[in-house]
Amino acid sequence: MSAIFKYEVEEEEAVGPMPATRSLIQLSQITKVYDSGENEVQALRGVDVSIERGEFVSIIGPSGSGKSTLMHILGCLDSPTSGSYWLDDDDVAQLSGRQLARIRNSKLGFVFQTFNLLPRATIWKNVELPLLYAGLGRDERRERALEALKRVGLDKRAKHRPNELSGGQRQRVAIARALVNNPSLILADEPTGNLDTKTGSEIINIFEELAANNQTIVLVTHDPAIAARTHRRIQIVDGAIVDGDATIEE
Amino acid sequence: MVIFESIIDGIRDIKDHFGRTMLQLLGVILGAASIVATFSLSVTGKSQAMEYYKVSGGIQKIWISDKPTGKVTLNAKALASQGLTVRDALAIQRDTKQIDLVSPVSSETMTVRYRSVEKPRNVMGVAPAYSPMNDFHAGRGRFISDNDVSSAARVAVLGTERATEFFGSEEPLGKTITINGTGYQVVGVMEEKYFSFDKKRNVMRWMNRQMYIPITTFVTRKGQSLEQGKVAFMHARMKDIKKDKEAVDEIKQVLMREHGVEDYEVFSRVANLRRNEQQNKMYDMTFMICGLISLIVGGIVVMNIQLASFNERVREVGTRKAIGATPAQIFVQFLVESILVSAFGGFLGLFVGQLFCSGIGLLLRAAPTMSADTAIKALVFAAGTGLVFGMYPAIRASRLNPIEALRTE
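Protein chains in written order, with the working numbering: chain A, 1 to 250; chain B, 1001 to 1409.
Don't take each hint at face value.
Claimed, not checked - Okay, derived cross-link-like pairs now, BS3-like style, lysine-lysine, Cα gap no bigger than 30 angstroms in a straight line: (1) B:Lys1281 x B:Lys1377; (2) B:Lys1252 x B:Lys1097; (3) A:Lys159 x B:Lys1015; (4) B:Lys1243 x B:Lys1046; (5) A:Lys156 x B:Lys1015; (6) B:Lys1046 x B:Lys1175.
Unchecked claim - Simulated restraints on C-beta separations: (7) A:Asp48 x B:Leu1026: 57 to 67 angstroms; (8) A:Ser96 x B:Asp1016: 33 to 43 angstroms; (9) A:Glu164 x B:Ala1328: 28 to 38 angstroms; (10) A:Arg138 x B:Asp1016: 14 to 24 angstroms; (11) A:Lys198 x B:Arg1012: 30 to 40 angstroms; (12) B:Lys1242 x A:Arg98: 53 to 63 angstroms; (13) B:Gly1384 x A:Lys150: 38 to 48 angstroms; (14) A:Ala212 x B:Asp1016: 20 to 30 angstroms; (15) A:Glu208 x B:Ala1328: 33 to 43 angstroms; (16) A:His231 x B:Leu1026: 55 to 65 angstroms; (17) B:Ala1328 x A:Val33: 26 to 36 angstroms.
None of these hints come from the bench; they were simulated from the model.
These figures come from a predicted structure and were not determined experimentally.
C-beta atoms are modelled at their ideal positions from N, C-alpha and C, and glycine is treated no differently.
Based on the sequences and whatever the hints tell you, model everything.
Set out below in structure tokens:
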């Protein structure tokens, strides 16, 4: 299997304004306040997180803990109310919607609980999509998409549509889509939530392989068994991190 | 790149939801169809009218005819006036600047005989100007000449149907026919005149049923003096259609001088045409507005369905945004889709419009034909509908919050 996951690690820049030893992700004093009518809801209360390159981290916590909000901020889908968020060499905390879209396109890969593949397109087209938005030419898109599908072992199925695949296969397509732009970070939101235990475990195998090839992955889950397989668990309760490296009691 | 992919997506969307798309497009189809029908009808009508004017002597033609005055108190001159005469024709010819051709015509039913065939037939007394005025020429032999007129010669020229009627397969040229007891030598047979709006009825057939003698012969045979010879009507031709009013006024001045009372009418085809054009423009506008209204209604339906399909696709939009589609890219995608769908409706509308045209053809006996110009206009209008009414759904989609969108079940 591991041969499939040959993954080229980008050389870290030795020169530049930022020290080369800087963490991939550096969140400091992140707050997020939702203004829902009369009362403000404090979803995040000064969160500090740093994640190194190649780390395989899970975020765990009960529902309503701010886990999703943290995930959205990490995924550049949302901006924090205050605090700073360094991703690679960019401070992305206060970027515009368009700039965030560009960051998501070039530096992030998403894997969702419900796969979120476009039902009418072939899986090949699905995997091509991020490259389409990046403005790449057709041939390069197709080539790179097929390569990504190869890495999850689905290149033979490239011309199938999502509804012709099993749940586990669909999630592998989603992983291929997340990988195709060589992202700095893959964010997976309950990626095994819609899968049976065995298939879910296979998906985690893939993440482990990717992590072994120095791919940074952040995984949100409430499943302790899944969390136990990540390198580090960040536990969040009530909008604050209570444990930056929690142990799982099973 | 995104535009191209959106077009592919749009086509796939039309294919996947064919029934819904058809329903969505009904308004656009009908709108485009009525635009096609309107323009075709108007363009075809106009070109046919111009064609007709051309074969019947052009739009430079002016009619001059008698008109009862209805006045009781008249001066001596007015009382003496007997309406249009050969003299008037000569006066108009002589004293106007804007007129290059005057063709007085007398007309009466006379007894025409050749050998054993004798029939009451209409005979026209004409001047040589009649031929160019009506773009109607001798097919064989010659038409009435200036010499015929000045010498009041007893010569006749026959329309094709008259030639056949009296001579059958015999050669009419050089033969003598009798008109009201006097012999006339046949010097010419006219060409066959043909014009049809519906490719069935020849609206010029009556011209093939005429026979012509010199106007001088016509009036002197009736015992009138040449100058006082009564004329049924006259045609005149203006030199410059831009100066149609001057031409008409000149004729009126001459006639007023000659008659002392307004017992004549003068109409120009140009003025007529202008009046018609005004009217046609109104019809065109009315139909256009109908077409546009159905396009607007169609557009609203397109917008509704786009919004509905957008609600269905909130998750998809969310996913696209999460993986890095910018608002502009989402906007373009949705807009291209609705433009494409509407243009497709416009395309179908062309066929429906052609059906409308055929239907109108059954009623009018003149089927309007769709020109490429008209087809392009209809397509542009339809696509424009998609552009305008696709704007709102596209803006909504582009502004969608990806977090909310992904949370939607």
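The hints, checked one at a time:
1. B:Lys1281 x B:Lys1377: Holds. Lys1281 of chain B to Lys1377 of chain B sits at ~17 angstroms (cutoff 30 angstroms).
2. B:Lys1252 x B:Lys1097: 13 angstroms, holds
3. A:Lys159 x B:Lys1015: OK: Lys159 of chain A and Lys1015 of chain B at ~19 angstroms, within 30 angstroms.
4. B:Lys1243 x B:Lys1046: Given pair Lys1243 of chain B, Lys1046 of chain B holds - Cα atoms ~22 angstroms apart, limit 30 angstroms.
5. A:Lys156 x B:Lys1015: Answer holds: Lys156 of chain A to Lys1015 of chain B is near 26 angstroms, not above 30 angstroms.
6. B:Lys1046 x B:Lys1175: 44 angstroms, violated
7. A:Asp48 x B:Leu1026: 57 to 67 angstroms: Given a distance of about 59 angstroms, which is inside 57 to 67 angstroms, the answer is holds.
8. A:Ser96 x B:Asp1016: 33 to 43 angstroms: This hint holds: roughly 35 angstroms between Cβ atoms.
9. A:Glu164 x B:Ala1328: 28 to 38 angstroms: 33 angstroms, holds
10. A:Arg138 x B:Asp1016: 14 to 24 angstroms: 23 angstroms, holds
11. A:Lys198 x B:Arg1012: 30 to 40 angstroms: 35 angstroms, holds
12. B:Lys1242 x A:Arg98: 53 to 63 angstroms: 60 angstroms, holds
13. B:Gly1384 x A:Lys150: 38 to 48 angstroms: 46 angstroms, holds
14. A:Ala212 x B:Asp1016: 20 to 30 angstroms: 41 angstroms, violated
15. A:Glu208 x B:Ala1328: 33 to 43 angstroms: Given range 33 to 43 angstroms: holds, Cβ gap about 38 angstroms.
16. A:His231 x B:Leu1026: 55 to 65 angstroms: Once the Cβ atoms are compared, 59 angstroms apart, the range 55 to 65 angstroms for Leu1026 of chain B and His231 of chain A holds.
17. B:Ala1328 x A:Val33: 26 to 36 angstroms: For Val33 of chain A against Ala1328 of chain B, whose Cβ atoms are near 29 angstroms apart, the range 26 to 36 angstroms holds.
The structure is inconsistent with the numbered hints 6, 14, although it conforms to all the rest.
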